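Enquirer: Chains as they are written, first to last, in my numbering: chain F, 1 to 426; chain P, 1 to 191.
Hints were generated in silico from the structure; no laboratory data involved. One should not assume that every hint holds.
What the hints assert, rightly or not - Below, computed lysine to any residue pairings styled on SDA-like, alpha-carbon distance capped at 25 Å:
id: 1; chain 1: P; residue 1: K145; chain 2: F; residue 2: A75
id: 2; chain 1: P; residue 1: K145; chain 2: F; residue 2: N280
id: 3; chain 1: P; residue 1: K168; chain 2: F; residue 2: F138
id: 4; chain 1: P; residue 1: K168; chain 2: F; residue 2: I380
id: 5; chain 1: P; residue 1: K76; chain 2: P; residue 2: E181
id: 6; chain 1: P; residue 1: K145; chain 2: F; residue 2: K81
id: 7; chain 1: P; residue 1: K168; chain 2: F; residue 2: Y276
id: 8; chain 1: P; residue 1: K168; chain 2: F; residue 2: L318
id: 9; chain 1: P; residue 1: K81; chain 2: F; residue 2: V180
id: 10; chain 1: P; residue 1: K145; chain 2: F; residue 2: Q233
id: 11; chain 1: P; residue 1: K76; chain 2: F; residue 2: L28
id: 12; chain 1: P; residue 1: K168; chain 2: F; residue 2: V375
id: 13; chain 1: P; residue 1: K76; chain 2: F; residue 2: F186
id: 14; chain 1: P; residue 1: K76; chain 2: F; residue 2: N280
id: 15; chain 1: P; residue 1: K81; chain 2: P; residue 2: G20
id: 16; chain 1: P; residue 1: K168; chain 2: F; residue 2: P11
id: 17; chain 1: F; residue 1: K7; chain 2: F; residue 2: Q233
id: 18; chain 1: P; residue 1: K81; chain 2: F; residue 2: I310
id: 19; chain 1: P; residue 1: K81; chain 2: F; residue 2: F308
id: 20; chain 1: P; residue 1: K81; chain 2: F; residue 2: A368
id: 21; chain 1: P; residue 1: K168; chain 2: F; residue 2: F265
id: 22; chain 1: P; residue 1: K168; chain 2: F; residue 2: L167
id: 23; chain 1: P; residue 1: K76; chain 2: F; residue 2: V58
id: 24; chain 1: P; residue 1: K81; chain 2: F; residue 2: N280
id: 25; chain 1: P; residue 1: K81; chain 2: F; residue 2: F265
id: 26; chain 1: P; residue 1: K76; chain 2: F; residue 2: Y243
id: 27; chain 1: P; residue 1: K168; chain 2: F; residue 2: I310
id: 28; chain 1: P; residue 1: K168; chain 2: F; residue 2: K81
id: 29; chain 1: F; residue 1: K81; chain 2: F; residue 2: F265
id: 30; chain 1: P; residue 1: K145; chain 2: P; residue 2: D185
Said to hold, decoys possible - From the derived model, a few chain P residues whose C-beta atoms are all more than 12 Å from chain F:
id: 31; residue: N28
id: 32; residue: G36
id: 33; residue: V43
id: 34; residue: R106
id: 35; residue: L132
id: 36; residue: P172
id: 37; residue: F182
id: 38; residue: D185
Just so you know, these numbers come straight off a predicted model, no measurement behind them. Just so it is clear, CB atoms sit at the ideal spot from N, CA and C, and this is done for glycine as well.
Each chain is listed here by its residues.
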Amino acid sequence: MSFPWAKQYEPATGLTRWLDERLPLPRLVYNAVGAGYPVPRNLSYMWNFGVLAGFFLVAQIITGVVLAMHYAADATVAFAKVEHIMRDVNWGWLMRYAHANGASFFFIVVYIHIFRGFFYSSYKAPREMIWLIGVVIFLLMMATAFMGYVLPWGQMSFWGAKVITGLFSAIPLVGESLQVWLLGGFAPDDAALNRFFSLHYLLPFVIAGAVILHIWALHIPGSSNPIGVEVKQESDTVPFHPYYTAKDGFGLGVVLIFFSLMVFFLPNALGHPDNYIEANPLATPAHIVPEWYFFPFYAILRAFTVDFIISAKLWGVLAMFAAILIWFLLPWLDRSPVRSGHYRPLFRKFFWFGLIPCMIVLFICGGAPAEEPYVMISQIATAYYFLHFLVILPIVSAIERPEPLPNSITEAVLDKDTNATAPIAG
Amino acid sequence: MAETTGTATPETLAAAGDDGVRRRDFINIAAVTAAGVGAVGVVLPLISQMSPSADVLAESSTEVDVSAIEPGQTIKSIFRKQPLFVRRLTPLEIEAAQEVPLGELRDAQTLDERTKEGHLDLLVTMGVCTHLGCVPLGAVEGENKGEYGGYFCPCHGSHYDTAGRIRKGPAPTNLLVPEYEFTSDTVIRVG
């Protein structure tokens, strides 16, 4: 679906006309990310991050395919193969550093994308399906990133694999056998390394498929926008190309500057030095931490220290998964008819002074050792996290009095100049 | 069943017997059933291939000579690619383990239940924290043995006592005592 004023694709040459009648691929692209997709004219830079996430997915697939050409998933040589890539393979260091830091940047842009969604309630009707698919993409990303981190077969790889597969052993009755089944052995070894490699190669393409569904679902209602008022007329929109291809291109350039800074000057800043020690099943690193992008969820996992009906370990595991699965319920927990946080005074306060500090605290605690005061702080933050989504959000959306909304995007952009209904570039 | 498959034209109705069941219904059910059984038959090996392979299982027992372990000393061995702690307890450590009232324990077990008869001083446990699988400290001279003088897991702060029982921290159960037996006075076979 698109708006009735969307530009129609007109094949310009004989060749494109021939193609359009047989496989209308250029038409599909034109309507998806070309001039045939009308987009709200008021999108801020917060709307760049979907395209940026798409860019990093492609970058990860390209560098990953290259790395796989020089790697071997065998516990006896995997660690050496990574050093082989770093020292012997032409430009191997660049491919590996781009891939490792690319994962971090993928998560940075996706986190901003998700929190943009929180602030502007992008999950609300009619965009629930976009949101649900997005959460699925995030879960797939987490699985992919976790398995990728195991492949260099360093100490953090090994112990990360052991701790994370150990989560499954918390499940009553079948847990232990499930962990052995997942690992193909009693501890991470060749079998686990090989299956993680296989799945690490597969899942990005599953993510790509889910991304197509995500964009497809997005194109039914069209993009949301910073004021949260739906598109009503042609003057509310501009064509995606050239307006947002240019804006996204500029944003991509800025992000690539930061990406290059990391890859070329601080390539190991986001990694852990212990992963340059080969995996040793008999020696645990003093302090096992996951990759930084898992810190908030790792803090929630470790926040449970007391058995209550079920073991503390199982509580931690359930809470960690629930912390993400709860996002699936957001469209129904937040019942305010107003989308944008700019027009929701109370919601906005709980976002900036509740959820954001809570995530920062969980992030810090997740990277800290499991000792006081971090355990208690992460317990408080975990409690707030669930309280925010399950209690605060429904109550706020019920009692809050939103500020008056503009009548249309055009009105908001042109500051109530009601005469200006003609399309204006910019 | 007849009304769910195909359109009921006069011809097909005529083809049905007195009970309203057509030959085509039988063929449908038989075909779908056969395909279903076939699908299950394919899924089973696909699931089972993930379980430990024969060579992994072949390494699943280990022999350890325990004669040279001095009281107070622990040796680390490997059982199923995971660390195994074999510890010769001192009389003081045995006493400390036996003094604890069972009611205080999260996972109530006596030292006698965790050792073999006549070998109360030989504690054989996995060196795998029951929380998330880290290797606890305390097996090597000079390492932190935790607040109860046994083992201490640095990952999430679980303390085990001299019988390898969980006393403090997030781990739910005592360090696992694997199945083992004395093959002679000085050798144990684990697994």
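Enquirer: Next, verify each hint and record whether it holds.
Expert: Here is what the structure says about each hint:
1. A threshold of 25 Å between alpha carbons decides the hint, and for P/K145 with F/A75 the separation of about 31 Å lies outside it, so the pair is violated.
2. For the proposed pair P/K145 and F/N280, the alpha carbon gap of about 21 Å is at most 25 Å, so the pair holds.
3. The hinted pair formed by P/K168 and F/F138 fails the criterion: a straight-line CA distance of about 35 Å is larger than 25 Å.
4. Taking the CA atoms of P/K168 and F/I380, the gap is near 21 Å; set against the 25 Å cutoff, the hint holds.
5. Using a Cα cut-off of 25 Å, the hinted pair P/K76 and P/E181 holds, with the two alpha carbons roughly 17 Å apart.
6. Distance check on the hinted pair: P/K145 and F/K81 sit about 37 Å apart at the alpha-carbon level, beyond 25 Å; violated.
7. Restraint check for P/K168 and F/Y276: the C-alpha separation of about 32 Å exceeds 25 Å, so the hint is violated.
8. A distance of roughly 22 Å separates the Cα atoms of P/K168 and F/L318; the hinted pair therefore holds under the 25 Å criterion.
9. Of the supplied pair hints, the one linking P/K81 and F/V180 holds, its CA atoms being roughly 12 Å apart against a limit of 25 Å.
10. Proximity of P/K145 to F/Q233 is assessed by CA-CA distance (about 72 Å); at most 25 Å being required, the pair is judged violated.
11. This hinted pair does not check out: P/K76 and F/L28 have alpha carbons roughly 63 Å apart, beyond 25 Å.
12. Taking the CA atoms of P/K168 and F/V375, the gap is about 14 Å. The hint holds against a cut of 25 Å.
13. About 17 Å separates the Cα atoms of P/K76 and F/F186, which keeps this hinted pair within 25 Å; it holds.
14. With a C-alpha separation of about 13 Å, the suggested pair P/K76 and F/N280 falls inside the 25 Å cut-off, and the hint holds.
15. About 64 Å separates the Cα atoms of P/K81 and P/G20, which puts this hinted pair outside 25 Å; it is violated.
16. At most 25 Å may separate the alpha-carbon atoms for a hinted pair to count; P/K168 and F/P11 exceed this at roughly 73 Å.
17. Note on F/K7 and F/Q233: the hinted pairing holds, with a Cα-Cα distance of about 14 Å set against a maximum of 25 Å.
18. Proximity of P/K81 to F/I310 is assessed by CA-CA distance (about 29 Å); at most 25 Å being required, the pair is judged violated.
19. A C-alpha spacing of about 33 Å is found between P/K81 and F/F308, which places the hinted pair above 25 Å, so the restraint is violated.
20. In summary, the hint linking P/K81 to F/A368 is not supported, as the alpha carbons are separated by about 29 Å, beyond the 25 Å threshold.
21. Only pairs whose Cα atoms come within 25 Å are accepted, and P/K168 paired with F/F265 is rejected, the gap being roughly 44 Å.
22. Between P/K168 and F/L167 the alpha-carbon distance is near 19 Å, which keeps this suggested pair within the 25 Å criterion.
23. Among the hinted pairs, P/K76 with F/V58 is inconsistent with the structure: their alpha-carbon atoms are about 46 Å apart, more than 25 Å.
24. Taking the CA atoms of P/K81 and F/N280, the gap is near 10 Å; set against the 25 Å cutoff, the hint holds.
25. Restraint check for P/K81 and F/F265: the C-alpha separation of about 39 Å exceeds 25 Å, so the hint is violated.
26. For the suggested pair P/K76 and F/Y243, the alpha carbons sit about 66 Å apart, so the restraint of at most 25 Å is broken.
27. With a C-alpha separation of about 17 Å, the suggested pairing of P/K168 with F/I310 holds against the 25 Å cut-off.
28. Among the hinted pairs, P/K168 with F/K81 is inconsistent with the structure: their alpha-carbon atoms are about 41 Å apart, more than 25 Å.
29. Distance restraint check for F/K81 and F/F265: the Cα-Cα separation of roughly 23 Å lies within the 25 Å cut-off, and the hinted pair is therefore satisfied.
30. Taking the CA atoms of P/K145 and P/D185, the gap is near 28 Å; set against the 25 Å cutoff, the hint is violated.
31. Annotated as non-interface, P/N28 keeps its C-beta farther than 12 Å from every C-beta of chain F; the closest such distance is 32 Å.
32. Interface exclusion of P/G36 from chain F stands, the closest Cβ pair being 24 Å apart, more than 12 Å.
33. Distance check for P/V43 against chain F: the nearest CB is about 14 Å away, which clears 12 Å, and the non-interface claim stands.
34. With a closest Cβ-Cβ approach of about 7 Å to chain F, P/R106 is found to fall inside the 12 Å limit, against its non-interface label.
35. Remark: the non-interface label on P/L132 conflicts with the geometry, its nearest Cβ contact in chain F lying 4 Å away (cut-off 12 Å).
36. At roughly 4 Å from the closest C-beta of chain F, the C-beta of P/P172 falls inside 12 Å, breaking its exclusion from the interface.
37. P/F182, annotated as away from the interface, keeps every beta carbon of chain F farther than 12 Å; the closest lies near 23 Å.
38. Every Cβ of chain F is farther than 12 Å from the Cβ of P/D185; the closest lies at roughly 27 Å, confirming the non-interface assignment.
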